[in-house]
Structures are given as C-alpha cells and as structure tokens.
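Protein chains in written order, with this note's numbering: chain A, 44 to 485; chain B, 44 to 485.
Since the hints were made in silico from the structure, they are not lab data.
The list cannot tell twin chains apart, which means a pair is met if one copy fits it or any two copies do.
Using 35 Å as the maximum straight-line C-alpha spacing, the simulated DSBU-like pairs for lysine-lysine come out as follows:
hint	residue 1	residue 2
1	Lys141	Lys437
2	Lys437	Lys54
3	Lys212	Lys187
4	Lys129	Lys212
5	Lys105	Lys437
6	Lys323	Lys212
7	Lys484	Lys437
8	Lys141	Lys436
9	Lys419	Lys437
10	Lys105	Lys436
11	Lys212	Lys322
12	Lys54	Lys377
Since this is a predicted model, take the numbers as computed values, not measurements.
2 protein chains.
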Amino acid sequence: MDASEFRRRGKEMVDYVADYLEGIEGRPVYPNVEPGYLRPLIPTEAPQEPEAFEDVINDLEKIIMPGAASPACTELETVMMDWLGKMLQLPEEFLAGKDGEGGGVIQGSASEATLVALLAARTKVTRRLQAASPELTQAAIMEKLVAYFSDQAHSSVERAGLIGGVQMKAIPSDGKFAMRASALQEALERDKAAGLIPFLVVATLGTTSCCSFDNLLEVGPICKKEDMWLHIDAAYAGSAFICPEFRHLLNGVEFADSFNFNPHKWLLVNFDCSAMWVKKRTDLTGAFKLDPVYLKHSHQDSGLITDYRHWQIPLGRRFRSLKLWFVFRMYGVKGLQAHIRKHVQLAHKFESLVRQDSRFEICAEVTLGLVCFRLKGSNQLNEALLQRINNAKKIHLVPCHLRDKFVLRFAICSRMVESAHVQFAWEHIRELGEDVLRAEKK
Amino acid sequence: MDASEFRRRGKEMVDYVADYLEGIEGRPVYPNVEPGYLRPLIPTEAPQEPEAFEDVINDLEKIIMPGAASPACTELETVMMDWLGKMLQLPEEFLAGKDGEGGGVIQGSASEATLVALLAARTKVTRRLQAASPELTQAAIMEKLVAYFSDQAHSSVERAGLIGGVQMKAIPSDGKFAMRASALQEALERDKAAGLIPFLVVATLGTTSCCSFDNLLEVGPICKKEDMWLHIDAAYAGSAFICPEFRHLLNGVEFADSFNFNPHKWLLVNFDCSAMWVKKRTDLTGAFKLDPVYLKHSHQDSGLITDYRHWQIPLGRRFRSLKLWFVFRMYGVKGLQAHIRKHVQLAHKFESLVRQDSRFEICAEVTLGLVCFRLKGSNQLNEALLQRINNAKKIHLVPCHLRDKFVLRFAICSRMVESAHVQFAWEHIRELGEDVLRAEKK
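Could you put together the complete structure from these sequences and hints?
Now the structure itself:
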C-alpha cells in the first residue's frame with residue numbers, strides 16, 4: 044500500500060470507527076456466538092496472493108464484530124498463529140488446529156517469550172523432580188537448576204535467568220559463532236558432575252551480533268537425551284523461514300519445546316508482535332494458572348477454550364492478531380516472501396561492494412539481511428569510522444564485538460529500502476573510511 | 044471529542060502519517076537533539092483546562108519529531124509521568140524532576156508492575172543479606188523470603204510470587220475487606236519465628252472484588268519498621284486520586300517504595316498504559332541491568348539518562364506516553380476530574396436505587412464507580428439472577444465472592460455512560476430479580 048492508498052483507506056477506517064461510536068447503542072453488549080465460532084469462517088491457510096483491502100474490511104464486520112473482543116480476540120490469534128506456523132512449515136505438533144496440544148500465542152517481545160519458556164521449563168522440571176522425591180523443596184531444586192545459551196545469544200536470555208532466579212551459563216560458540224554439540228556436552232558433563240541440574244537450552248537462530256545460527260541438529264538431540272527444555276529464539280531470522288530457500292535454517296525445530304520469532308522485526312507487522320509456539324500448551328499454563336472468581340467463565344472447564352492469560356506474564360491482552368490478519372491478506376505469502384528476498388538480495392549487494400574494496404573485510408557469513416564488516420586494521424580505526432558515520436547522520440549503524448574485534452553492522456530494515464539506498468550508503472561509508480585511513484596515516 | 048470531530052481529526056492524522064511517509068527521505072536519520080532537550084520545551088504540569096487539538100498536533104511536529112523515537116519516547120514518558128504524579132499529589136520523591144532519584148515508567152499492566160516491584164524487592168533484600176553474610180547463596184535466601192498481600196488482592200499478585208519463586212501469604216482482611224495492622228503483624232511474627240524473611244507487602248487500593256482499600260496508614264509504618272518493600276496496587280482506583288475529594292484514599296503512599304495504577308482503566312487512555320512510580324530508580328535497574336555492546340550508547344555512563352529497558356520485563360518499548368500527552372491536553376485536569384466525578388455520582392445513583400428496594404442489599408461500601416449488590420437470599424438465587432441478566436444481553440455484569448456470599452458487581456465504565464443508562468439497567472435488573480424471586484417461590 045503506497046501513501047496515496049493509505050490516505051484513502053486510512054480515512055475509510057476513521058469513518059468506520061466513528062460510525063461504530065455513533066451506532067454503539069444498537070450493538071449487543073455481549074457476543075451472540077459460541078466459542079469456536081471463528082475458525083470455520085476463515086481459510087485454514089494464509090492466501091498466496093494479495094487480497095483487496097475491501098475484502099479484509101468486509102470480513103472485519105462479518106467475522107470479527109459478531110465475536111466482539113471475546114472470543115474473537117483469542118480465536119483469531121489462535122488461527123493466525125496456525126497460519127503463520129504453516130507458513131514456516133513448523134512441525135504439526137506446534138499448531139493448535141481443532142484439538143491439538145500445542146499452539147501459538149502473541150507475546151510482546153522475544154524477552155517475554157524466553158522468560159515464559161524458562162518459567163515453564165522451571166515448573167516442569169521442578170514437578171518431575173518432586174514427583175520422584177517429594178521431600179525436595181522448590182528452593183532446593185532451583186538452587187541446582189542450570190540453563191545454557193550461546194555466548195552470542197541476546198542479553199535478554201541471561202536476563203530471563205536473573206528474573207527466574209536460576210543459573211545461566213554461556214556456551215562458547217565455534218568459529219562461525221554457533222553453539223555446537225561438543226561445547227554444550229562439555230558444560231553439561233561438568234555441571235552434572237558438580238551436582239547441578241541442567242534443565243533448559245536456549246538456542247538462537249540469527250544472533251543479534253552477526254546473524255549466526257546455533258546448530259539445532261546437534262543441540263536438539265542432546266536436549267532430548269538429557270530431558271532438557273529446548274527453546275529457540277529466532278527473533279530476527281524467523282521471518283525468513285517463510286521462504287523455502289531459507290527454511291533449512293530452521294531444521295531441528297522438531298527437537299524444540301518452544302519456538303519464537305518477531306514478525307514485528309521483519310514481517311511488516313507493526314511493533315509489538317512476537318510469535319511464540321509450544322508443543323504442549325499445558326506446560327505453559329501449568330506455570331501460571333490461578334483462577335479467581337472474577338476471571339472465571341462458563342467455558343473454562345470444558346477444555347475447549349484457550350485462555351491466553353495463562354500463556355503470558357500480563358493478564359490483559361490487546362487484539363494484536365488483527366495486524367497479522369491484515370498483513371497476511373494484504374501482501375499474501377508471495378508478497379511477504381518477495382519482501383524478505385529483496386532484503387537478502389540487497390544485503391548481498393552490500394556484501395559484494397565491501398568485498399570489492401580490499402581495505403575492508405566481511406566479518407561473518409552473510410545469510411540474511413545483516414552484513415558485518417570493518418576496515419582491516421585496529422578496533423580504534425573502526426570506532427573512529429563508526430563515529431564519523433553516525434555523526435554525519437546520513438545513515439545510522441549499530442556496532443558489535445565479534446570476539447575481540449569491533450565490527451560495524453549494516454542492516455537492511457526498511458520496508459521502502461531500494462538498491463539506490465544501499466549504493467548511496469556504501470559510497471558514503473567508503474568516503475568516510477578513506478577519511479579515517481588518511482587521518483591515521485598522519 | 045465527539046464522533047464528528049473524531050472524523051475530522053482522524054482524517055487529518057491519516058494525512059499527517061501519509062505526508063510523513065512521502066517526505067521521509069527529507070528527514071534526518073538520527074535526531075539532532077541532546078538528551079534532556081524535551082523537558083524545557085513543555086510545561087511542568089498538565090493544563091487545568093482543555094486545549095485545542097491543533098495546539099497538540101503542532102507541538103507534535105515542533106517538540107516530538109525533532110527527537111524522533113529516541114530520546115523523545117523516553118523523555119516524554121518521564122515528563123508525562125511527572126505530570127500524572129503531580130495530578131495525584133504523589134510525594135516529591137516519586138517524581139523524576141531534573142535530578143530526582145525516583146520517577147515513573149509506563150508498564151503494560153498492573154501484573155507486570157507488581158512483578159517488577161517484587162523482583163526489585165527480592166534483589167534488594169538479597170543484596171542486603173549477602174552484604175551482612177557473604178556466605179549466603181541466593182537460593183538459601185529465596186527459600187526463606189515471604190511476601191504478603193490481602194486476601195482481597197488481585198490474583199496477579201500471587202502470580203508474581205509464582206514467577207519470582209518466592210512464598211506469598213494472604214492476610215485475612217477485616218469486615219470492610221481491608222488489610223489491617225493486626226492481621227499483618229500476626230503473620231509477620233509467626234513467620235519470623237519460623238525463620239522466614241518477610242521482604243514485601245503488596246497493598247491494594249480499590250480491590251477488584253468490591254473496591255475496598257487496605258489501610259496504608261497502618262500497614263505502611265510496619266513495612267518501614269521491618270524493612271519490607273511496600274508496593275501499592277491501585278490499578279482501578281488510582282485514577283480517582285486526581286480529584287481532591289478522593290485523594291485521602293491515597294494517604295500513606297509516603298510509606299511506599301513503589302506505586303502503580305492503570306490510566307487505561309479509568310482515565311480515558313486506551314489500553315495498555317499502566318503507570319508505575321518508584322522512589323529509588325536504582326532499585327529497579329539493579330534487578331535487571333545487563334549491558335551488551337549492541338545496546339550501549341554514548342550517554343549511558345553520564346547518569347543523566349533514563350534507560351527504561353532496565354525498568355521493565357521486555358526490552359522493546361512503544362511510545363505510549365503520547366496517549367497520556369494527548370488525553371491530558373485534550374481534557375485538561377478539570378475534564379478528567381469531571382469524568383471521574385460523573386462515574387462516582389452514577390454509582391451512587393445506582394446504589395440509592397438498589398437501597399430503595401428492600402428485596403436487594405448493598406454488600407460493600409460504595410466509594411468509587413463500583414456497586415456490589417445482591418438479592419437478599421441464597422447464593423443460588425443470585426447465581427440465577429446473574430445468569431438471567433447475562434443471558435438477556437442488555438447489560439453485562441461480572442460477579443465476585445465476598446466471603447461466602449455470591450455478589451453481583453455493577454461497574455460504571457464507559458466514557459459515554461449517562462444517567463439514563465443506569466436507570467435502564469436498574470429497571471432491567473429489578474424485573475429479572477422479580478422473575479427469579481417468583482420462580483423460587485414456585
């Protein structure tokens with residue numbers, strides 16, 4: 044949708060809201076639908092081709108408004124998470140379907156998803172150990188629990204451990220910045236020998252620093268063997284898995300208990316929208332469930348109803364699945380795939396521009412839309428380059444450290460980015476690079 | 044703003060967004076302002092009288108856009124939380140001001156605010172005990188920690204304990220459903236004698252069931268004496284404290300370490316927006332702080348900058364303070380006070396209608412916008428009445444239990460509610476009440 048269509052459609056939406064407010068007394072105070080009403084009304088999969096805005100809006104009045112906030116908010120979310128799960132070719136066990144044990148939920152951020160997974164894993168292992176040894180207190184167990192993550196994982200993983208009150212250990216990544224079996228196994232053996240209880244591995248697909256990928260096909264089987272929860276954080280990279288040519292990066296997800304990525308990062312959905320799936324929904328709900336009278340409802344004991352308040356930290360919920368519904372239908376799967384492919388292609392374009400200049404180096408494999416690069420030379424030199432770039436305010440880069448190297452990160456992000464922007468950015472960077480090199484020689 | 048003005052203003056906003064998109068290449072990629080730029084540009088307090096929409100929009104371009112997402116998002120939030128804190132007459136220590144130690148933050152829900160307070164309190168007591176006895180492990184301390192809340196508190200309080208891995212104990216409330224000194228003191232003495240470590244009290248102002256108020260003036264001094272963190276959850280009732288005649292309900296807040304209420308509940312701000320203040324911001328940041336390179340920035344070590352990611356569970360943040368800014372200016376403090384007063388007045392109107400009918404009874408003191416009532420008689424009778432009411436779908440009521448009584452709750456909520464709606468609802472309830480009484484006699 045370009046700006047001129049946005050003008051038209053946006054104004055139609057304003058009228059829709061105003062009409063709603065003016066006609067509100069004519070609407071029922073409570074929906075006239077039964078739980079489960081929504082799924083049969085919409086397709087089982089996202090459309091391949093884009094649909095017309097009118098069609099989506101018409102469905103809003105026809106399908107959503109009769110179900111008002113509840114149950115429409117919950118049911119559309121379950122179905123949209125199934126749509127998205129199918130787009131990613133997630134294993135069937137992660138889908139809710141009509142009576143699956145798994146399913147998806149929209150969280151606010153990957154941090155929350157990791158925390159929720161950690162809490163679920165903590166509860167599960169605690170119950171298992173207490174079932175075997177009823178004399179064990181929760182505190183006695185928690186003292187010995189240990190979770191693992193790659194030394195390349197996002198800081199929110201370690202933070203989840205801080206909040207959950209359990210030990211977290213960073214596993215040294217390999218030469219390609221990936222967590223591998225050997226290093227994980229080594230930590231496991233050492234910790235088990237010391238009397239600790241390994242209970243969780245958080246694997247990252249597409250790390251923040253350099254978009255590296257932990258080796259799921261190695262890590263997954265270890266988690267199974269050791270009865271550890273495997274959570275996958277693919278916050279950024281996850282969107283790419285809707286393209287068949289990138290789906291192999293997700294191989295091994297079948298070993299995971301929970302999986303998360305952020306459509307708000309790279310799937311054209313506005314912030315916030317973090318998509319999380321679990322194989323066993325009872326693992327999540329078991330960690331949080333409390334049922335006061337004022338939150339009781341007549342359907343909750345039927346087992347048919349998804350109560351997302353037991354899947355997350357807050358109790359209140361926004362209607363975020365509408366964003367997914369609109370985006371999936373306005374773009375179609377093909378449109379979203381084209382968006383991802385364009386970004387990856389532009390990243391490779393930037394990569395090849397960098398490679399053509401022997402004063403620069405590429406610092407990590409370019410797989411998706413992130414290029415890690417630097418001037419050959421000292422960290423100081425590259426810090427000076429970054430400072431010049433960000434002071435000039437024509438583009439903006441965020442750096443990272445890869446081992447002991449200070450590295451610049453060129454990230455393709457915008458919905459509206461074109462080849463000319465990448466070209467412009469590279470020429471700008473090269474010029475400033477020359478300035479720093481010249482200044483160094485003096 | 045009525046529906047017809049909304050039509051006009053909404054469409055202007057759509058054009059504003061479209062203009063932004065069309066002109067985006069002309070904007071700087073990074074703001075040209077220094078941290079702290081925003082506070083001097085806007086008043087130190089919310090306006091008493093409503094302002095014109097044009098004035099707010101003009102300020103958006105003049106004050107917010109030059110500061111883009113960062114630092115404008117953070118700085119407007121700090122200043123709006125100061126405005127709101129002043130509206131509530133919070134003690135000075137809770138305000139950020141130019142160089143205060145306290146300040147406010149917008150959370151997504153009261154559940155998150157309670158959890159954040161609990162985690163801060165847990166970290167604080169753990170550090171204090173470890174400073175005195177360095178041999179104590181975190182787990183050894185956590186095993187003994189105990190937090191208190193009224194048996195009328197929201198379930199999210201107990202849930203925060205579940206997540207944080209600490210014991211939570213419900214204090215029996217008194218005849219007016221309030222937590223009092225004697226019951227708290229009794230639990231404290233018992234637990235201390237058993238070797239437990241009391242570290243937190245969560246007091247509720249305006250409970251969910253019946254809008255009762257814990258006795259802060261009794262509970263607060265106990266918390267001070269015992270070195271326990273006092274968190275106040277005023278999720279619903281907090282909005283009323285902007286009216287001088289209701290401010291006394293907040294007396295005792297001076298004993299608290301943290302205070303929270305939800306402007307999205309009753310202050311005309313759209314969901315979600317939960318306002319939380321602390322006296323010592325370092326208590327919060329101490330519980331979460333991790334600083335990876337990719338989140339570092341040049342101002343963070345100056346001590347001048349508020350980094351809200353250390354104040355909350357997620358790392359990402361939305362620009363929610365804009366909602367406060369618009370609402371405060373469009374209504375003015377007087378407009379918001381009028382909104383609260385009207386609701387309270389309508390609740391009292393409903394109360395007096397109920398009291399005029401001797402078949403019904405009022406079940407708890409009506410202080411704000413909630414009326415707890417029932418038919419005199421059995422719970423079964425009242426469950427039948429509720430079922431009839433909700434099946435008729437003309438109004439919708441959510442029940443509660445007060446001790447062993449099943450009680451109906453009449454809540455004044457809508458921005459557009461009028462006296463006639465209350466009259467209509469009462470007549471409807473009375474008729475259905477007659478039906479159930481007649482059916483019972485048969």
